[in-house]
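Chains as they are written, first to last, in this note's numbering: chain A, 21 to 1033; chain B, 2 to 223; chain C, 2 to 131; chain D, 2 to 312.
Hints listed in this document are in silico derivations from the structure and should not be mistaken for laboratory results. Possibly wrong hints are sitting among the right ones.
[Claimed, not checked] Pairs of lysine to any residue residues, derived as SDA-like cross-links and limited to a Cα-Cα distance of at most 25 Å, are as follows:
(1) A:K582 <-> C:V10
(2) B:K8 <-> C:K64
(3) A:K963 <-> C:V10
(4) B:K138 <-> D:L149
(5) D:K182 <-> B:L193
(6) C:K69 <-> B:T117
(7) A:K950 <-> A:Y666
(8) B:K203 <-> D:V230
(9) D:K217 <-> B:K138
(10) C:K14 <-> A:R496
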Amino acid sequence: MANSSGKKKKGAVLVVGAGVAGMQASLDLASSGYLVHLVDKSPTIGGIMSQLDKTFPTNDCAMCIISPKLVEVGRHLNINILPNTEVEGLEGEAGNFQVALKSHPRYIDLKACTACGQCRQVCPVTAVNEFNQALDLREATYMRYPQAIPRGFTIDRNVCIGCGLCEKVCLAEAVHYDDTAKEFSLDVGAVILAPGNEIFDPSKFDTYNYLNLPNVVTSLEFERILSASGPYRGHLMRPYDREEPAKIAWLQCVGSRNINACDNSYCSAVCCMYAIKEAVIAKEHAHGNLDTAIFYMDMRTYGKEFEQYYNRAKEHGVRFIRSRIHSIEPEGECDLRLTYADEQGQQKSEVFDMVVLSVGFEVGKETVELGKRLNIDLNRHKFAVTDGFKPVETSRPGVYVCGTLQGPKDIPQSVMEASGAAAGTSALLSESRWTETRSLQLPPQRDVSKEPPRIGVFVCNCGINIGGIVDVPAVREYARTLPYVVHVEDNLFTCSQDTQVRMGQVIKEKGINRMVVAACTPLTHEPLFRETLLDIGLNKYLFEMANIRNQDSWVHMKDRQKATDKAKDLVRMSVARAALLQQLEEQKIQIQQSGLVIGGGIAGMNAALNLAQQGFSAILVEKGTELGGLARCVTHTIDGMEVQPYVDSLIAEVKAHPGIKVLTESEVTSFKGYKGNFTTKVRVGSSLEEETFEHGVVIVATGAKEYRPKEFLYGEHDGVMTQMDLDEVLRQRGAGNGNDPAKWNRAIMIQCVGSRNEENPNCSRICCQSAVKHALELKKLNPAMDIVILYRDMRMYGLLEDYYTEARRQGIIFSRFDLDDLPKVESNGAGLKVTFHDHVLQRHIQMPADAVVLSAATLAANTDQLATQLKVPRNAYGFFIEAHAKLRPVDFSSEGIYLCGTAHSPKLISESITQSLAAASRAGSFLAGKTLSVGGAVAHVDKSHCAACLVCVMSCPYGVPKINDENVSEINPALCQGCGVCVSECPAKAIQLSHFEDDQITVEVHALLEGAV
Amino acid sequence: MIIAEPKPIDEIIDSLKDFNRILVAGCDGCVTVCEAGGMKEVEVVASALRIYFKQAGRAVTVDEISLTRQCDRPYTAQLADKIDQYDAVLSLACGVGVQFLAEDYKNKPIFPGVNTCFMGGTEEKGLWTERCQGCGKCILANTGGICPIARCSKRMLNGPCGGSSDGRCEVNKDIACGWHLIYERLKELGQLDRFETPTDPKDWNTSRDGGPRKVIKEVSRL
Amino acid sequence: MRLSYPTNVKIVKLPCSGRVDVVHLLKAFEDGADGVYVAGCLEGDCHYQVGNLRAKKRVAYVKDILDKIGIGGERVAMYNLSAGQGPRFAEIAREMSEKIKQLGPTPLRKSGGSAKGVKLTPGTTKEEAA
Amino acid sequence: MSTTPLYSKLQKILAAGHFGVTSECGPPRSCDPKGVEEKARMIGDYVDAINVTDNQTAVVRQCSLASCIRIKQMGYDPVLQMVTRDRNRIALQSDLLGAGSFGINNILCLTGDHQSFGDHPNAANVFDLDSTQLVQTVKKMRDEGKLLSGFELKECPQMFIGAAENPFADPFEIRVSRLAKKVAAGAQFIQTQCIYNIPKFKQWMQGVVDRGLDEKVYIMAGMTPMKGVGMAKYMKNRVPGMDVPDDLIKRLSGVPKEKQAEEGIKICIEQIQELKEVKGVKGFHIMAIEWEEKVPEIVQQAGLYPRPKVD
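Looking at chain A on its own, in the form it has when it is part of the complex:
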C-alpha cells in the first residue's frame, strides 16, 4: 500500500535518542527488517541508565545489564548510529519523510579511532566529568565511560587548549582539529522520538540549599557515588570530607508534585522506588549500620512487585517518614539539620550526615524545541500528546514516541513503549520490510575438517598501546616457533580496514585454516575478525584471540620484560587452543510466519491486530464467548475516553482482518515445539473438536479479574460495591435504571481492598485512579455530594497526579488510614455508616454514607493449566514472570513466547495497549528473520556414552535436555544457551560444549604451564 502521494513507503526509520528506549526501538526494528538511523546528540549511546548504579526491583547492576544491549546496538548491521547529531527538521508524511540532520564535530574520526586511549593518556586538560555528575574530573579528550558505544574518543573543544599532543600520539591518524559540523538529510518512512528527559535542577530552590551544602546531593549524583565505576569507586562517601556517612536522608518529590511554587505539578513516577533502592544499596555498601530515612508524601510503589520491595526495605530498617521538609540547614562543619512537620503537624528536626534529593524528570528545553521543529503537539507539562488508545503515536502521523517524552516513567515501561513504538512503525512500513537493510554476501565455506592445522598468528601493536610496552617483534618471532604455525606478522592496527583486507589475502595464499590474533579483547573485536574469516570462506569458529592489551600491556606497564613474557604465554595458549578448534555448522530452521495469541481482551486483540498489520498471520484464542475481556466493564478512562466504542471498533477490525483467525469459546489443549516452530492444539467452540496450529510465536494475554471482597459488608448490603460495580451503576443510570447515584448525599471509597495486605502484598496500581475517576464523575453528577476517599497512599503516578489535584480542588476529601486500623463499615438499616481514624484530628470519626465503594484488587486470572502447558513461570500471586523485570518486560525466558496486559501485572488500558504492541513487536522482530540459525557453540551428546542418568536434565537452568525415544539425552541446539553447565555435570562425560570442549580448555592450561613441572 502506497501513501497518498503514491510513493512506496521507505523501509528506513529514524530513531531520535539512544537511551534505553531508543536502543530497544532500534533493535526491534533493525531485526524486523528496517534500516534504523539512531541519532543522539551525545557522543555515546546509553542515556541515563548507563549512569545508574543498581536498578530496582531486581537490584541488578545497571551497567551489567545495559552493556550487552549497547554492544548489540553497536554491532547490528542495520543500525546506523549517528552520535553528536541533532534533528533540524522533518518534511513529508508518514511513509515518506525527509529528515534534516546536523552532526556536530567530534574531532576524532570514528572510522579510524581504535579506542586505544593514547590520546586521553597524553591530554593535559582537566574538565568536569558530567558522566559522574561533576563529582570528579576527566580529560578534554575522553570517552564517556569505558563500555561506551560507539567505541571511540571525543574531544571536548569547549575545554581543549589545542596543544596538539593527542594528534601527535594518534598513530591511527584519527584526530582532526579542523573537524566541522555537517548537515545532511535522510529519507525515512517513520520517526520514533525517544529523546528522554532531563533531571530537575534543585538549585532553583532555597529550601534545599543544594548549591551551598556539598553534602546535599541529587539522586543521580548518589547513583554515581554508589557505582563501582563512579568517582569514589563504589565506596560510600559524602562529597565534603570523603567520610563514610552514618546517617542519610532522602527527600522525595524534589521538583515534582508542586511542592514549591514552580515545581512541576506531575509525579515523576520513579523516585519513590529509586530512593528505596538507593537506601537499601547504601546500607549494603556501608561498613557500619547505616541509618537511612526517606521523607515522603505518598509512597508510590505501584509497579510489579514493588510493594514487596518496599516491605523488604522496611524490614532492612529503612525508615519512612511521611512528612514535608521545611528546610535543610548546615549543622556543625558539614552535617545537615532537617526541619519538618510530622503528620500530626508537630514540628521536628533531625541531623543527618548527608541528604539525597530525589529529583524528578522534566522535558528539557532542547527537547521542547525539537518538538516544535518536528511539529508535534506537547501538553502543558511539555510531554508529547498521545491518545490513550494509541499511546505511542504523536499528533503527527508517522511520528511515534516512547520513553519519558511521553510522560514520566521507569525503565521497563520505557522499554515496553519503545517496542510498542517499533510495533506501530513496523505495521506502518511492513510493505517495505527488508528493502533498505544491508546483509552480508558470503562465499561458501571451505571444509577444513580433514586438513591438519595451519595457523596464522597476527600480533597487533595497537598503535603504541601494545607495542609501547610489549616487545611485539619478539612475540611475533616466538609465535613462529609454535606447533602448526605457518605464518606470523605484526601490524600497527590489526583491526584497521586495510589490514583486514591484507590478512584475507595472506590466509588464502598460505592455506591458513586457523587464525590467531594477539591484540585486544574479543568482547569488542571478535565479531570483526570472525567476519574477516567469513569473507574469505572460512568458518568463524576457526578463530582465537590472545588479549595482550587489556590483559597485558595495559595492566603491566611497569615491567616490559614480564609483559613480553606474558604476551608469549598468552599467544602460546591461543595457538594451542587454535589447533584444536573445529568448524561448527549452524543450521537454518524455517520460522513459521504466524503467532498464537491467547486471550481476546484489549491486550490480546491489539497484539493480534498489530501482528497481522505487520504481515504475519495471527490466531486469537479466547476462552469466553465474546472478545473484549475486562475492558467491557469500564465505561471511560480517567481522561474521558469512551472505552466501549473503542472496544467495538477494535473487535470489528480484528474480525475483519484477513490475517487473523478468531477462535472464541476455545482453549489450548496441548502445546509442544520450540521457538519458531510450535504446534498447538486448540479445542474450538463448544464442540470437542480440536484444531491444530503450527506457529512461530506465542503471546500470552490472559488478563486479570477484580477481587470480590469478603470484607466491609460486600455482598451483604446493596450500598457496598466495588469500583467496577459503581461503573455499572453509573452506566445503568445513563440507561435510566436502578440506584441513582445522583441522589446520594455521601459516598465513601475505601482503597487497597484486597491489596497491600498479608494475603496479597502487591499494590494493584490502578485502583487509586479508578477512585479519583469515579469521585470526579459523581461530583459532576451531584456537586453537593460529599465524597471521602479513605486511602493508604494515593498512587496517582505520573501525569495522573493532575486528576488527584483536581479532585482535591473540587473538595473531595482524602483521609489516610493504616493497615492496623482499617475503616469499619456497618449497616444502619437501609443506610451505612463508616468509622475511620482521622490522622489530623487524631481521633475516630463516624459518618453515614449512601454508598461505600471498595477499590478492590486486581487479581491474576486462573492460568494454572496454561502455565503448565507452556512451561512458563508465574509468581506466587499468579501473574506471569517476564524474562527480566527491567529490560525484557514482555519476553518470557523461553524464547518465542511473550506476554502482555494484565496477565503480567495490573495496569491501565493505555499501558496494556502499549505492552501488547510491545509483545507484537518482539514477536514480529523474531518472525521477520524467517529463519533461525541454530547450533554453533552449543552442547551435544555422545549417544554411545549417555547413561540416560538425567543429570543434564536436572542441571540445565533452561530445561533443554530431554531423554528421547532412543533413551538417550538429546539437546535441542535451537534451545541450548551454551552455558556448559550440563557438560561439566555429566557423570559419563557424554556431553561436550562445542568450541569449549574439555580438550580445548585443558590444552590452554597445558600450554600455559608447559615445562612448569
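Add chains B, C and D to chain A, keeping to what the hints say.
Below, chains B, C and D without anything else, positioned relative to chain A:
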C-alpha cells in the same frame, strides 16, 4: 539402582601408594548415574592421584578407562589386553564390579574406589535415598508399597514404634518414619484394616541371613 | 580501567563459570599451576542463571581434594564480580597472587615427580590412545 | 480376660479388681550385685512387681534376666523386660526358657530404642522380631507349647504377657489401633509411656474404651515424677515420643528451684488421683528414674498403700 559414594581420596591414595602403574576403571552403569564412578569420576580420581604422585616425587602412571558394566564378564574381559601393563586397578564400580574384576584377574590387586551403599533412587540432583534391602521375599503388597524393612530404622513389621513424632523417625529428624508413610498410604488406599492384623515373624532365609544368594531362572538358562 | 595487577595471572576464557569442571581445575594443578581461581558473575547475577553457583560448589569440592592430597585447598578459590568491577578484578588478582606467594610454589615443582596417564576406551590399546 | 489362667501375682491383683502398681529398676553398668538388690528392697513392699529394664536407651547394663532372677530370689515378683534389638529369635526364646525355669512369670515385650542413642552406636542391630512378634512368640510358647519353629516344649514358660504403648506418639489416630494389634497378638497388660498430658491421655482412653479394649487388656498408666523444670524441658524436647504440656513446665518454674522436686512429686500424685477416676485405667507403672527412693512416698500418698495380698 545401586547407590555408591566416592571414597575419600586420601583413603584411595593409602591403598595405592606402593604401586607404580595404576588403572582407574569406572563403570557406565549405576555408579555413573549416582555420580560416584562414571567416566567423570575416573578423570577426577586419576588426576588427583597423578597430582599426589607428582608431589610425592614419584613417576607413576595413572591411566583411565570406563567399562560398560563391571558386573558382566564380556565387559570385564575388555581389560584383558591391557591389564598386564598395570600393577593395580582402582575400580570405581560397586562392590560387585570390584569382585568381578578380582575374580577375572586373579594376580592383580583390585581396589575399591567407592563405598557401595544401598539400593535406592534419585530423590533430587545429588541426593539418593534407600528403598530396598533385597530381602528376597517382597512384602510391599501388604504395606501400601512402602517397605518397612528398608525404611523403618528398626525394621519393624508391626510399626510404628512409639518414638516417632510429626512423621519423623526417632533416630533422626531427616528420616521420614516409614510406618507413618505406610499408615498414610493405607489410609489413602482405604486399606487401614490391614493395619490391625499382626504380621508374623518374617522368614529371613531369602535375605542376606541365608548366606550368599543366587537367583536361577530356569527358562533363561542356556 | 587500567589498574595493574601481577603478571603471573593468566586468564582462560569460558562462556560461563558453570562450564568450569572439577577436572579442569585438577588438570591445572597436575600441569603445575601454583594456584587457580574461578571468576564468576555476582551471585544472583549469573547470565546463565546458576552457573556461578555450580562453580562455587565445584571449587569447594576441589579444595577438599587438594587438602587431602597434600597440595592445600587454599590454592584454589572462587571469586564473584561483575563486568563493571575493574578495580575489584585487579584487587582479586593481587590478593590471590599474594596468597600464592606466601604458600610458595606448588609442591609438584620441586618434587621431580612425573606421574602421567592416558584415557583408554575399551576398544583401544594404550599405544593407540597415546 | 479373667478366663485365662493366672500366672503371676501382678495378674492376680489386677484380676481381683485392684489397682495394680509396678515400678522399675535399671540394673547397674557393672557386675555389682548390690545395685539391683538395694533398689528392689527400697520399693519391693510398695509395688506388686518390679520391671527390670533391658539395656535401656541402648546402653550396656547388667543383663535383665540375671537381675530378674536376683529379684525373684529376694522374694519379689519381677517383670522381665526384653527388647528385640539385640537378640534374634533363637536367643530370645532361649532366654524365655531360662526365665521360665526360674519361675519368672511377667514379661514386657519391647522393640527397644535404636542403638544410635546408646553407648555403642556402631553396633549392628538385630530386629529379627519386633515387639508385637515377641508377644506372639511368648504366647505361642506358653499357649501352644511350641517354639516358633514348631518344636514342642515339654515345659512351657508361664508368662503374664505385657507390652508397652505410647498414647502420645504420632499419628495419634492410630494409637488405639496399635493397641488393638498388640492385644490381638496376645498382650494381656500394657504399661504406657509417661503421662503428663492428661487430657490427651483421656482422649486415648476414651478410644480404648469405645473399642472395648479395656475389657481385654489391663492398662497401667505410666507415671514419672519430674525432678525439676530442667528435666521437664529435657523430656519435652529431647525424649522421643514424649508429650509434656507447657502448663506443667510453667507450674514447675513457678516454684523455687529447691522446691521443684517436691512439686514434681506433688504433681505426680495429683495425676495418679485423677487417673484413678478414668475408666479403663487398671493400675500404675511408676518409673522414678534414678529416684527409686521416692516410690514409697508416691504410692502411699496416692492412696495405693498398703498393697493388697493375694495368694
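Results for each hint:
With a CA separation close to 11 Å, the supplied pair K582 (chain A) and V10 (chain C) stays within the 25 Å bound. Distance hint between K8 (chain B) and K64 (chain C) is fulfilled; the C-alpha atoms sit about 16 Å from each other, no more than 25 Å. Only pairs whose Cα atoms come within 25 Å are accepted, and K963 (chain A) paired with V10 (chain C) is rejected, the gap being roughly 38 Å. Restraint check for K138 (chain B) and L149 (chain D): satisfied, since their Cα atoms lie roughly 19 Å apart, inside the 25 Å limit.
For the hint linking K182 (chain D) to L193 (chain B), the alpha-carbon distance of about 12 Å falls within 25 Å, and the restraint holds. A threshold of 25 Å between alpha carbons decides the hint, and for K69 (chain C) with T117 (chain B) the separation of about 21 Å falls inside it, so the pair holds. Simply put, K950 (chain A) and Y666 (chain A) have alpha-carbon atoms about 33 Å apart, too far for the 25 Å limit, and the pair is violated. This hinted pair does not check out: K203 (chain B) and V230 (chain D) have alpha carbons roughly 44 Å apart, beyond 25 Å.
For the proposed pair K217 (chain D) and K138 (chain B), the alpha carbon gap of about 34 Å is over 25 Å, so the pair is violated. Between K14 (chain C) and R496 (chain A) the CA atoms are separated by roughly 22 Å; this keeps the pair inside 25 Å, and the hint holds.
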